[in-house]
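Novice: Note that the numbering used here has the sequence shown beginning at 1, numbered continuously upward.
Read the hints as simulated data drawn from the structure, not as lab findings. You may find that some hints are simply not true.
[As the list claims (entries may be wrong)] Result set (PhoX-like, lysine-lysine): computed pairs, CA atoms no more than 25 Å apart in a straight line: (1) Lys112 <-> Lys202; (2) Lys324 <-> Lys294; (3) Lys35 <-> Lys147; (4) Lys317 <-> Lys215; (5) Lys269 <-> Lys294.
[Stated by the list, open to error] Derived CB-CB ranges, DEER-like: (6) Gln321 <-> Ser298: 31 to 37 Å; (7) Thr319 <-> Asp292: 39 to 45 Å; (8) Gly230 <-> Ile309: 36 to 42 Å; (9) Tyr163 <-> Gln321: 23 to 29 Å.
Just so it is clear, the structure is predicted and the values come from calculations on it, not from any experiment. Beta carbons: idealized from backbone N, C-alpha and C, even for Gly.
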Amino acid sequence: MAEIPWGNNSDLDDSQFYNRENELYFLHNILNTTKDGIPPAILLTGVRGVGKTALMKKLRNDFCNDYLVVYVDLSMSDNYQSGNLTREGFMEHYYDEIIRACKDAGLKTIDKKLKKFIKTNDLSIGDIVDFEGVPLPIVSAKENYKKLADFVMNLPQMIYEEYCNDIKGVLVFFDEFQVIKDLDKDLNSFLWYVRGFVQSQKNTAYMFTGSMSLKDSLIGEIAGKNGAFGGRILTYELEAFSYDTTRNYLIEKAGHLRFSESGFERFYKCTGGIPFYINSFARLLSHEEILDEKKLSSEFKNALPFLAIHLISYWDKLTFQEQKVITALVDGPQRRVRIAEKLNVTSGAIGGSLNRLQDKALIEMDDGKYKISDSIFRSWLKSEFERKGVYPYRSF
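Please construct the entire structure, taking both the sequences and the accompanying hints into account.
Specialist: Have a look at this one:
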């Protein structure tokens, strides 16, 4: 059983990483064009839990001996964690990860730190003091965002040019890129700003991914026809495991689990072929008995609070109206006017809630109707209502 990681483990070793041969072959070839001076920009999409971060980290490990690989988890920036992501916070976090990657690769960066201080600050002499007869200037510094941003965005290419005999290029992987939605009104101009550097650098490739619905508006703002990278970024969708791939994976990694045919069909239906759910559910299953359809259905209902734990944490932070909007969709997709009727409010009154829930990838719009994005989330809510007779709304 040790071969199967928990669903939330994205740092997989080679024995745990499974499948994705075609995806790795394609992305390896694309990213390797960086050494020839034609670096790609890639937007990696896919449903939540499909393994985008694990794939990105696998690529990082594969390329780190030949390239400088900068992995940036934007959700771990101090600004975002404190609920106040800014352009300055983005650049500071990005800079820290560049320096960290250089240190791990054995590239000296002390000069980059000094240059950053000098180039990104407006320096002035605030006062002159006398020290044992010697006049000494007191230098004050005020950070200049424009200087900071230009320096940080240029830094990967600058590093390549300094260490071109040691590395073939620089690969920058932005994970949890959806958090830049917190920039709100600055978002579109910020994307265009980033695009300018991405397109001009000859030895630095970029990959962006994050927890976004496939219908997320951010994808359009990045790669759509009128988006900042429109026509200039490769959009690559990472798909869920197929029925046969899931079966072969469990035979190889969890051969002790004994499924009947109907039991495995139920397992695949419950997990949707999404690796996060496959791994987590498989680790919770009993290997003492045959797992038929009836047993799987029972085990799935018991496992729902664990399988949905990352979504439950989102649920607990929602406003009461946002929770009501979601529960209005438990029985199936609904048009906006119908959701408003269920909440006994006007259609305009739920606009903000709908937008925020889409930004969090909890709901999505399909053919004019809103629906819950994740079937596990929907199943958990349905199970809670069946068990308690009421949805787990927050208390006020």
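Novice: Each hint needs a verdict: does it hold in this structure or not?
Specialist: Here is what the structure says about each hint:
no.: 1; hint: Lys112 <-> Lys202; verdict: holds (20 Å)
no.: 2; hint: Lys324 <-> Lys294; verdict: violated (32 Å)
no.: 3; hint: Lys35 <-> Lys147; verdict: violated (28 Å)
no.: 4; hint: Lys317 <-> Lys215; verdict: holds (23 Å)
no.: 5; hint: Lys269 <-> Lys294; verdict: holds (13 Å)
no.: 6; hint: Gln321 <-> Ser298: 31 to 37 Å; verdict: holds (34 Å)
no.: 7; hint: Thr319 <-> Asp292: 39 to 45 Å; verdict: holds (42 Å)
no.: 8; hint: Gly230 <-> Ile309: 36 to 42 Å; verdict: holds (37 Å)
no.: 9; hint: Tyr163 <-> Gln321: 23 to 29 Å; verdict: violated (53 Å)
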